[in-house]
Amino acid sequence: GDSVTQMEGPVTLSEEAFLTINCTYTATGYPSLFWYVQYPGEGLQLLLKATKADDKGSNKGFEATYRKETTSFHLEKGSVQVSDSAVYFCALKSGGATNKLIFGTGTLLAVQP
Amino acid sequence: EAGVTQFPSHSVIEKGQTVTLRCDPISGHDNLYWYRRVMGKEIKFLLHFVKESKQDESGMPNNRFLAERTGGTYSTLKVQPAELEDSGVYFCASSHPGTSGYEQYFGPGTRLTVT
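Top line first, the protein sequences correspond to chains A and B.
Heads up: the first sequence begins at 1 in my numbering, then just goes up one per residue.
Heads up: the second sequence begins at 114 in my numbering, then just goes up one per residue.
The following block holds chain B by itself, in its conformation from the complex (with noise of 0.2 Å):
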């Protein structure tokens, strides 16, 4: 079974871009979260999905930032303009009902750099 995929693996843009991050979550799982580690601090909550539905977006830190998850399957999260302050790893994690203690299966990441 294939794990949480994420792409690009790293980007580079400048202030003011425009970037789009992709998460595949493991097929059949219904709930998509997003968080972001910033500068070797702790991973902070973005956003959680269940199914097409934002279940809770508490942790977006502006409107800059648009998730989607269109059809229930995967997401993309989109920075627009792009500051030098979201430059960090955002990492997507998915998780269903039927995995015990709802454990969420992380991707490896993507590593977004703002110039």
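Chain A extracted, bound-state conformation (with noise of 0.2 Å):
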């Protein structure tokens, strides 16, 4: 079945470092390709999206790029701040029917100042 996987933390970084949080799936057809964040006591956020292939979803200076061929959505921010962090969770949502997202199992941001 569908899956995503990315990469596991907790990731530590000073603040104006550059972050890259790596997340690659599976799945079969054409997934619409999501991250979440989930700030201190809050619920999920939608920060960014993308729908098709090579399409570029960006949101409050993070990145990130549907890459079919190396079936990947990594996140990237150049340069991260306290306030980014949080719990980033990369998710899927298959073509089809079904609207169920499916997660990975998010990577937890630490950023220092």
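Hint data in this document are derived by calculation from the structure and do not stem from the laboratory.
Take the hints with a grain of salt, since some may be wrong.
Below are the DSS-like pairs computed for lysine-lysine, each with C-alpha atoms no more than 25 Å apart in a straight line [claimed, not checked]:
1. B:K164 with B:K191
2. B:K157 with A:K68
3. B:K154 with B:K128
4. B:K191 with B:K154
5. B:K167 with B:K191
6. B:K157 with A:K52
Distance ranges between label pairs, derived from CB positions [to be verified]:
7. A:S3 with B:T226: 22 to 30 Å
8. A:N22 with B:G116: 24 to 32 Å
9. B:E216 with A:D2: 12 to 20 Å
10. B:T183 with A:A53: 37 to 45 Å
11. A:L108 with B:H123: 14 to 22 Å
12. A:N22 with B:T186: 37 to 45 Å
Virtual Cβ for every residue (Gly too), placed ideally from N, Cα, C.
Since each chain sits alone in its own frame, please combine them into the complex, following the hints.
The following block contains the structure:
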């Protein structure tokens, strides 16, 4: 079945460091890909998405490109801030009638001042 | 506009007891989803309502879990009797066909601890 694999955390970075969180997927058809973020004490928020190959999703300085050839959707940010500390989840929604999201295990990011 | 709300935020019960979780979706959202994250693992889909009908309940772990959405508004998820492995964070999400790409909006979750 469809699945998402993302790098395990925690990831600890200093402020202004470059961030990469790897995400790869297995899916039949043409899934849509998402990154969700959960800040402490809050619910999941959609960070960015891409619906077809070579699309780049971006938001709040974060970017991810839908790479069909490598089945990847890695999350990147050029300069992280303390306020980016959160848990990041990669997810996919399979094509077709189902609307369910399939998530990775989440990656905890801790940014130190 | 109010977001998705869940109640309670945290519940601690003993094995064998019953717990009912509630989710209030965003007003007007026909689609309502339940997910669960157990022990820091991936978030797993439980089921999907369209209005009051169960569209997909393929993720429900067993018959100790009962989800309802009477009237197509709020939803409840009852666990009876609770087992230790039911501990985790239960998320609710809602979406409406009018929102772009069927984007799902999530609530803050209910943390369930079974002792």
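How the hints compare with the structure:
Distance restraint check for K164 of chain B and K191 of chain B: the Cα-Cα separation of roughly 18 Å lies within the 25 Å cut-off, and the hinted pair is therefore satisfied. Using a Cα cut-off of 25 Å, the hinted pair K157 of chain B and K68 of chain A holds, with the two alpha carbons roughly 24 Å apart. Distance restraint check for K154 of chain B and K128 of chain B: the Cα-Cα separation of roughly 21 Å lies within the 25 Å cut-off, and the hinted pair is therefore satisfied. Using a Cα cut-off of 25 Å, the hinted pair K191 of chain B and K154 of chain B holds, with the two alpha carbons roughly 22 Å apart.
The hinted pair formed by K167 of chain B and K191 of chain B meets the criterion: a straight-line CA distance of about 15 Å does not exceed 25 Å. Straight-line distance between C-alpha atoms of K157 of chain B and K52 of chain A comes to about 23 Å, which keeps the hinted pair within the 25 Å bound. The beta-carbon spacing between S3 of chain A and T226 of chain B, approximately 28 Å, falls within the hinted interval of 22 to 30 Å. Taking 24 to 32 Å as the suggested C-beta distance range, the pair N22 of chain A and G116 of chain B conforms, at roughly 30 Å.
Taken as a hint, the range 12 to 20 Å holds for the pair E216 of chain B and D2 of chain A, whose Cβ atoms sit roughly 19 Å apart. Look at T183 of chain B against A53 of chain A: about 42 Å separates their beta carbons, and that is inside 37 to 45 Å. Range check, L108 of chain A to H123 of chain B: Cβ separation about 20 Å, and the 14 to 22 Å hint holds. A hinted range of 37 to 45 Å for the beta carbons of N22 of chain A and T186 of chain B is consistent with their spacing of about 40 Å.
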